[in-house]
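Residue numbers (the working numbering), protein chains in the order written: chain A, 270 to 489; chain B, 270 to 489.
It should be emphasised that the hints constitute simulated quantities derived from the structure, not laboratory data.
Fair warning: this is a prediction, and the values are worked out from it, not measured in the lab.
Certain hints may be false.
One copy or two, it doesn't matter: identical chains are merged, so the pair holds either way.
Calculated cross-link-like contacts (lysine-lysine; reagent style PhoX-like; alpha-carbon spacing at most 25 angstroms) [as the list claims (entries may be wrong)]: (1) Lys-298 <-> Lys-469; (2) Lys-316 <-> Lys-469; (3) Lys-298 <-> Lys-417; (4) Lys-280 <-> Lys-344; (5) Lys-417 <-> Lys-392; (6) Lys-469 <-> Lys-417.
There are 2 protein chains.
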Amino acid sequence: MARRKKYKFPKTTIERLSYYFRALEDLSKRGIDTVSSEALGGKLNIKSSQIRKDLSYFGDFGKRGMGYDVKYLLKELKYILGLDREWSVVIVGAGHIGAAMANYDSFEKRGFNIAAIFDNDEKKIGKEINGTPILPYDNIDDFVKQNKIEMAIIAVPAAAAQAVADKLVESGVTAILNFAPVAVQLDENVRCLSVDLTTKLEALAYYMSYSQDKLWKIYS
Amino acid sequence: MARRKKYKFPKTTIERLSYYFRALEDLSKRGIDTVSSEALGGKLNIKSSQIRKDLSYFGDFGKRGMGYDVKYLLKELKYILGLDREWSVVIVGAGHIGAAMANYDSFEKRGFNIAAIFDNDEKKIGKEINGTPILPYDNIDDFVKQNKIEMAIIAVPAAAAQAVADKLVESGVTAILNFAPVAVQLDENVRCLSVDLTTKLEALAYYMSYSQDKLWKIYS
Chain A
270 MARRKKYKFP KTTIERLSYY FRALEDLSKR GIDTVSSEAL GGKLNIKSSQ IRKDLSYFGD
330 FGKRGMGYDV KYLLKELKYI LGLDREWSVV IVGAGHIGAA MANYDSFEKR GFNIAAIFDN
390 DEKKIGKEIN GTPILPYDNI DDFVKQNKIE MAIIAVPAAA AQAVADKLVE SGVTAILNFA
450 PVAVQLDENV RCLSVDLTTK LEALAYYMSY SQDKLWKIYS
Chain B
270 MARRKKYKFP KTTIERLSYY FRALEDLSKR GIDTVSSEAL GGKLNIKSSQ IRKDLSYFGD
330 FGKRGMGYDV KYLLKELKYI LGLDREWSVV IVGAGHIGAA MANYDSFEKR GFNIAAIFDN
390 DEKKIGKEIN GTPILPYDNI DDFVKQNKIE MAIIAVPAAA AQAVADKLVE SGVTAILNFA
450 PVAVQLDENV RCLSVDLTTK LEALAYYMSY SQDKLWKIYS
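For reference, chain A alone in the conformation it holds in the complex:
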C-alpha cells in the first residue's frame, strides 16, 4: 500500500480529492469504517471509475471487493492535500468579499487561520471581522514577514489587484487566492488561483441554453 507517485493528472483531480475528503469525514463521523468507490460515488454524484482513477495517481488505497478503509484514506488524503498542518492567511480588502471570507467558518476547521485583514480605509482600520483585526495596508509587508505568512486572499477592486499581488509576493507570500476579476501576472514559483464568480453564472447560462436548443453534451 505504498504511495505511488505518478507524474501527470488533471487539475480537477485535486478539487475532487477535496470532495472525497469531506465525504469520508462525514462517513467517519457516522462511525462507518469502509466504503466502496460505488457508494462514495453515489454520495457525491461522481462515477466510481473516476474516483478509482483519481486515487490511483497517488497510491493503492483499496482492496478489490473490500472497498476503502475510511480512516486510512482520510489520513492519506489529509497528507496529500497538505491539510496535516496549519496555514496562516491574510486577506487584503475588507469589502463584502473580504468580510465574507473572514466569516467563512469552514476555513478554520480545515486549518486555514485568518491572521489579519488589510485595508486602506481609515473607517475600517482598527475594527474586527469575526474576531480578526483590520490593519492598515501600509503595514502589510512587516506583518507578512514577521508572521511568516505564506497565503493571501486578494479581495480588492480589479485596478488594485496587480499592485497588491506584487507587494504580497515581495513580502514572502507564495500562494494567492484572487477574487479580483482580473488576471494577475506573477513569478512562476508563486501559486495563484483565481475565482471569477461570473464564469460560474456563465456555465449555468450555458447549461440552460444547452438544455433548451443545443446538442452538445458534457462529461464530468
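Using the hints provided, position chain B relative to the given structure of chain A.
Positioned in the frame of chain A, the structure of chain B alone reads:
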C-alpha cells in the same frame, strides 16, 4: 464554417470558453481583428493545443495559418455560452456572500440582472444593496413565478440550503449557484453548481506542499 456538434467534452471546457470570451473581448476593444491560438494561449497561460481542441467541439472557427477572426469568434462564443440574452437572477440570503454577489458589477455586464435579494431578517427587509431590494423570504415563491426567474444564487447557512433549494425549484427556478458549504440534492433537470471556497484554499495547500516535498505533477 458551420457549427459542429460533438457530443462529449469535459466540464472544464465550458469554464475555459468563458476565459476565451473575456480575452477576445479585450482584443476586440483594443481594435485587434485576428488572433492565433498561440497568442491567445500566451495571454491566458493555456496551451494553444488546448484552445484548438476546446473550440473544435463546437465548430471550425479558425483558418490554418490565419488565426481566428476576433469578432466572429466572440459572436459564436456568445451564442454557445448562452450570453446572447439576459438572465434574471435572485439571491437568497443578504449576508456577506449575498451582499458581495449583489455588488459584483461583472454580473450585469454579462447580462445577469439581480432582480431581488431575499432574507428573513426583519432588519434587512426593505433595504437595498447596490440598488437591489431586499424582500421577505416568505414572498419568494410569488416573486419567482411572477417574474419568471430561472436562476438563483443560494447564500444561506448550510442548514437552510436544502429547504431553500427545494422552494426555489418548486417556484420554477432551474439553475442554482450554491455557496452554502453543503451538497443540495435536486431533481435531474435542475442545474446546480456549487462554489465551495474552502476547496480553493485546499488546492493552494496542495500546491504548496507539493512544491516542497512531493513529486506529483499536474497538467491543466
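Checked hints:
Proximity of Lys-298 and Lys-469 under a CA criterion of 25 angstroms is satisfied inter-copy only: 24 angstroms between copies versus 31 angstroms inside one chain copy. Taking the shortest alpha-carbon separations for Lys-316 and Lys-469, both the intra-copy value of 22 angstroms and the inter-copy value of 22 angstroms come in at or below 25 angstroms. In this assembly of identical chains, Lys-298 and Lys-417 lie within 25 angstroms of each other by CA distance neither inside one copy nor across copies; the values are 34 angstroms within and 42 angstroms between. In this homomeric assembly, Lys-280 and Lys-344 come within 25 angstroms of each other (Cα to Cα) only inside a single copy, at 21 angstroms, whereas the closest approach across copies is 29 angstroms.
For the homomeric pair Lys-417 and Lys-392, neither the shortest alpha-carbon distance inside one copy (27 angstroms) nor that between copies (41 angstroms) is at most 25 angstroms. When the C-alpha separation of Lys-469 and Lys-417 is checked against a cutoff of 25 angstroms, the pair qualifies only between copies, where the shortest distance is 21 angstroms, while the shortest distance within a copy is 33 angstroms.
The earlier numbered hints that this structure contradicts are 3 and 5.
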